[in-house]
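J.: From first to last, the protein sequence lines stand for chains A and B.
If you count by the working numbering, then the first sequence holds residues 1 to 918, one letter each, in order.
If you count by the working numbering, then the second sequence holds residues 1 to 341, one letter each, in order.
Don't read these hints as lab results, they were simulated from the structure.
There's no promise every hint is true.
[As the list claims (entries may be wrong)] Pair by pair, the computed Cβ-Cβ distance ranges are: (1) A/V348 with B/V31: 54 to 64 angstroms; (2) A/E587 with B/A149: 36 to 46 angstroms; (3) A/A442 with B/N325: 24 to 34 angstroms; (4) B/V31 with A/G822: 53 to 63 angstroms; (5) A/Y581 with B/S233: 50 to 60 angstroms; (6) A/D873 with B/A99: 40 to 50 angstroms; (7) B/S233 with A/D873: 52 to 62 angstroms; (8) A/E896 with B/G27: 41 to 51 angstroms; (9) B/R301 with A/E587: 53 to 63 angstroms; (10) A/E587 with B/N325: 58 to 68 angstroms; (11) A/A443 with B/Q170: 15 to 25 angstroms; (12) A/A442 with B/A99: 41 to 51 angstroms; (13) B/A25 with A/L362: 56 to 66 angstroms.
[Said to hold, decoys possible] Here are the simulated EDC-like pairs of lysine to aspartate or glutamate, each with C-alpha atoms no more than 20 angstroms apart in a straight line: (14) A/K334 with B/D24; (15) B/K92 with A/D438; (16) A/K512 with B/D24.
[Unchecked claim] Partial list, derived from the structure: chain B residues whose beta carbon lies under 7 angstroms from chain A: (17) P26; (18) Y32; (19) T33; (20) A99; (21) S101; (22) E300.
C-beta atoms are modelled at their ideal positions from N, C-alpha and C, and glycine is treated no differently.
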Amino acid sequence: MKRIYLILLLALLAPPLFAQSGGIEGRVVSRGGRVPLAGVRVELQPLGASVVSDDEGRFLLEHIPAGDYALRFETAEFEPLTVAVRVGATLRDIRQVVLVPDMPRQTLDDAVFAEFDTETADDAQSLPTSLAASKDVFDNIASYKFSEMRFNLRGYDSQYQDVYMNGIPLNDAVTGYTPWSLWSGLNDAVRNQEITRGLGVSEVGLGGIGGVTNILTAPSQMRKGLRVSLANGNAMYRFRAMATYASGYQDNGWSYVFSLSTRQGGNSYVDGVYYNAYGYFGAVEKRFADRHRLTLTLLGAPTERGAQQAATEEVYDLVGNHYYNPNWGWQDGKKRNARVRDSHEPIVVLNYTFDITERWRLSLATSLRFGQNGYSALTWQNGPDPRPDYYRYLPSYFAADGDRRGAAWQAVYWQANYLDIRHFDWDGMYETNGMQHDPIDAATYGPGRRSNYMVEERHTDQLDWNFVASFAHRFRNDSRLNGGVGLRRNRTAYYSEVKDLLGGDYWADIDKFAERDFGSDVTAYQNNLDYYEKYGHAHAARTGDKISYNYYAHLIRARGWLSYAFNVGGLAVALGAEAGYASLWREGLWRKGLFADNSKGDSKTLRYFTYRGKINLAYRFSGAHAIEANAVWMQEAPRFQAAFVSPRTRNTTTPGIDAERVLGVDLSYDLRIGDAKFRVSGYYTRIYDQSKVISYYDDVAATYTNFVMTGVDKLHFGLEAALSVPLYRGLTLNGAVSWGQYTYDSNPEYLQTQDNSGDIISAGRVYWKDLRVESTPQTAVNVGLSYRTRNNIFLSADFNYYNNMYLSMSPVYRTDAVITSGMAAEDVARLRRQEKFAAAHTLNASVGKNWYIRRLYTLGFSLEVKNILNDQDIRTGGYEQTRLRKNNETTVTSYEPFDAKYFYLFGTTYYLNLYFRF
Amino acid sequence: MKRIFQCFAVAVLLLSAGCYNDYDAPGPGRVYTDADFEAEGLTYIPIREVKARFRAANPGMNDGSVASWPIEEPLYTRGKVVSSDRAGNIYKSLYIYDAGSGSAIELKLTSGNYLFHPVGQIVYVKLQGLVVGNYRGMLSIGSASGSAAYSNDNIESSVVRAEHIFRGEQQAMLPSDTLVVTPQNYRTVLSDDDLGRLVRFEGLYSRFGKAQWGYQNLFPNYFANSTSYDATSPGWEDIDEWATWAAFRREPFPGGEGFVDTYFYGSAWFTYGDLSGSYGRYTPGNYVVRTSGYSSFRDERIPTDGTQVDLTAIYTKFTNGSGGNVSYQLTLCSARDVEVK
């Protein structure tokens with residue numbers, strides 16, 4: 001029986017305080033984020049004495065006769081907990097009692113945000129700002145219940161949320177994106193998180209504007225026992241298995257945790273998308289002499305998954321649904337996806353904590369991220385574009401060419417999927433490659449078949465090292481001082497390699513665009529000029545060989561921070577400042593034929609001073625009412641990919657690139673009455689001087705180009721409110737509203753250069769001031785009911801409403817370069833207008849139950865059904881294509897945008913999770 | 001407990017054995033023969049007869065006419081590929097030659113034909129549903145055009161190509177596949193019946209400018225859309241010094257920042273030196289080698305004035321919209337097909 005009692009080990013370490021009589025006191029917190037839990041009923045058995053925890057989660061039981069007791073904790077939404085305690089003659093502080101959420105938390109993994117292709121050169125994975133949620137009533141709803149629409153808190157990109165692991169910053173050093181995919185599927189192992197909301201000052205670093213999540217992997221802080229779960233669903237993958245075992249703190253000072261997981265299969269809506277993913281996690285901790293802790297953590301998630309690409313409305317209409325995926329075709333009777341993310345980037349983290357005194361703590365941490373991250377793509381040297389939905393293969397192209405009969409037939413072919421017109425023709429590509437015996441190639445490259453089609457894998461392989469030294473001091477007046485220094489060194493290898501030659505023997509590694517433009521100058525189209533000069537021809541690359549481009553991104557970041565938090569009466573104040581230095585440069589490993597003098601070796605180093613300043617003010621009027629005001633001003637270095645005009649080809653830095661600055665303020669009001677919670681916040685954020693580089697084929701200039709934007713400003717402001725109100729015997733009403741307005745606040749300067757030469761094609765401004773920032777609903781509303789019975793049945797239903805969602809804009813359409821003389825004002829306005837999606841609503845529900853078997857084991861299930869109304873016409877995102885069509889039909893030459901591409905919310909989906917733990 | 005673990009382990013093993021990248025490579029593609037088409041009840045028609053049927057269907061037409069023959073009969077034809085678009089000078093076209101009837105025709109397909117139909121391959125064409133059309137004296141097989149200005153169009157639809165164009169046996173090029181023209185026989189062996197054929201002109205002379213033959217422009221000349229340049233045009237005066245098969249120019253964007261890139265076709269004059277006859281602008285023994293600005297040998301030099309060469313090219317014809325102002329144009333598959341003697 002004693003095995004079901006979780007004895008909080010921290011309590012053992014807590015020095016007993018002087019007391020006047022026998023008793024127990026402590027603080028009840030949630031496991032996720034160590035958030036204080038108010039209203040927890042604490043009962044001493046068998047004595048029967050009971051109290052309820054206060055707003056700080058504290059409880060006190062006094063005047064208890066000495067003896068052994070069972071201390072039972074009960075509150076809604078959390079598993080009941082019984083702890084064995086021995087009461088002596090003094091008041092004993094068991095410090096923290098950690099309660100675990102009752103139902104399996106609706107923890108998201110990054111799979112819910114299927115990897116989407118876009119036409120930008122940026123292949124980096126974009127994730128929402130939060131995959132974690134604090135106890136905060138709004139964040140919980142926003143993170144979980146709005147996730148179906150790729151909701152971003154306050155409209156921020158994920159780079160503005162800082163994610164740490166044991167104090168180590170793990171946001172991608174190159175892109176800034178949150179790194180959730182690095183531990184995909186390891187939900188149990190990374191469940192233990194400290195979350196600082198919004199503009200709050202975090203103890204592991206000041207944080208930005210999107211909050212800070214610090215994942216704690218110390219085994220001693222994880223719940224002892226085995227957890228096993230099996231899941232089946234149709235929205236992300238078919239199957240997930242996860243097993244985690246935690247030893248708990250052992251008498252010999254050791255503790256450890258191991259976790260394994262796998263996710264397999266595709267979903268019910270999009271063909272060609274699949275998961276073949278695994279996860280492993282191991283952490284071991286040793287305590288020495290009570291004051292020293294050493295923790296080693298290793299985790300990784302070897303993941304292979306097929307991606308979906310958006311399509312135009314014309315294609316969706318032709319195929320009869322909104323889930324067409326052009327990325328795949330049949331081969332060997334199976335669906336083969338050309339766009340596959342294949343990554344395995346283990347992270348190893350070493351932490352040392354020294355409790356110097358009861359008030360001083362020193363922490364040292366270092367980490368290394370390594371491994372590979374590849375993203376495959378079909379590429380080809382010549383001939384027709386093999387992508388099935390290429391615009392020339394659609395009825396609209398035939399119609400635009402005046403061929404109405406051809407258009408009608410093409411529509412019939414698409415509708416009937418005649419000759420598999422909707423998909424890649426893998427067999428045809430193999431056949432074509434197998435036919436290539438051109439004597440010109442044989443004379444140049446030797447015997448063998450030169451592949452015209454090939455699957456390449458584009459790599460961004462990081463070697464990321466971090467070191468952080470920090471301290472925490474608690475003064476006698478309970479004020480707190482935190483500080484530290486951090487150093488980060490990142491070297492990311494960018495290259496592409498041959499993944500599959502599709503029946504050919506080699507791939508001639510030349511730049512096909514340069515070959516077209518400079519065909520007579522053989523050196524001009526060499527990707528690796530040194531190789532050419534050594535062997536007299538381009539590299540005949542075989543499977544696994546590097547091709548196309550090969551360079552390093554180098555980054556060094558150093559920072560130091562200090563924060564101080566104190567209370568004056570009901571006023572809590574936190575102040576923080578951070579200063580740092582960032583440098584970045586490119587190191588070309590190959591000499592590119594077009595840029596022989598500016599492609600190999602180190603580029604100019606870009607150096608930036610970075611800083612952050614924060615202030616948090618919170619005033620609690622009473623146990624029920626509190627207000628909070630926060631402000632931040634920060635400056636960050638630009639991202640590597642924006643700092644170079646064309647990093648794949650040369651060392652040229654972006655003209656006019658500058659540090660990015662952010663100003664953010666917010667004001668909140670909190671109300672708690674009993675179990676009822678309410679929060680409302682207003683926020684205002686200005687982002688200055690962002691930079692962006694996109695690369696695309698410009699139909700107007702008829703060449704591949706780089707489009708550099710600098711001085712991109714954004715303005716985000718809005719209101720967010722949420723409440724949770726217990727209604728009647730376990731029935732709770734939840735609700736949240738997020739209303740914001742996220743706009744571009746400048747007309748940034750742009751410079752368009754030809755990729756092949758660096759020549760300026762055009763320059764000017766992008767006219768998009770006051771147009772909306774894309775990618776997230778700017779209005780989101782949730783109303784939900786949840787019901788929990790006394791025999792552990794849980795039911796919930798949620799209605800969500802979304803509005804003010806906008807299409808991602810192509811800056812090209814909003815320049816003067818595409819305006820021709822004679823275009824009417826309405827033509828220009830039509831070209832620059834931003835599309836707004838229709839408002840949408842969804843209905844979701846879940847049910848679950850736990851069984852406690854012989855008071856030893858917990859067996860349970862949860863079933864979540866989303867989009868019960870099966871609305872398959874809800875747009876969740878999309879983007880304008882960068883290409884423009886030249887329209888010569890009228891008397892005036894004008895440019896018309898290609899059709900935009902869209903993603904849609906899946907119809908009804910389910911996710912069934914069975915779990916077992918003891 | 002034990003059973004739970006066993007079930008879990010079995011489930012993991014069964015469901016996590018990833019086989020997502022285990023594909024067998026397909027075998028070689030099918031090689032078609034006449035029997036395949038005869039089995040479908042199709043009737044073979046030689047290329048020469050295809051051309052004859054087209055003319056029969058368009059009595060009274062001239063070379064400049066927009067004229068077509070939509071084929072509605074169950075016919076097929078075949079020919080050996082004699083052209084390559086690898087160098088980018090031939091665009092979206094394939095020329096096939098039927099040795100049996102001694103006739104060739106252009107197939108209007110798509111880009112990268114050399115990848116699918118290398119030189120020497122027998123190509124079968126199911127004709128029913130396609131259109132034979134005329135463009136300024138050149139006949140071709142393509143799809144119906146949506147424009148009244150053209151008699152047929154390229155077969156852009158992959159489905160239509162798959163239903164009409166079939167790969168046959170890969171054969172070697174035989175000497176007889178190339179028509180040989182010499183200074184002695186150019187007036188007798190070459191006729192409009194040979195349009196679309198691969199022709200080897202032996203002993204031709206390169207001729208730069210100054211001659212009273214051909215277009216108003218002097219040779220070599222370059223043009224894009226309606227704009228043309230030659231040795232007398234501002235900025236192009238020194239053409240004789242650098243003359244290349246075609247040209248690429250980057251010029252400042254008018255009235256703004258940046259540049260405009262233009263790819264210029266190039267025309268070079270080759271002759272057997274006989275200017276005695278006169279048939280409008282056509283004089284036998286004089287040919288224009290016309291090269292695309294997108295060709296990979298664009299920047300290679302035209303053999304200088306007076307250079308004697310052997311030149312192998314597709315023999316084509318170009319007239320004005322009335323069928324007049326005839327010029328015979330030679331389309332090179334590669335600059336290697338010009339051998340300086």
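J.: Taking the numbered hints from earlier one at a time, note which ones the structure violates and give those numbers from smallest to largest.
T.: The structure conflicts with hints 2, 3, 6, 9, 12, 16, 18, 19, 20, 21, although it agrees with all the remaining ones.
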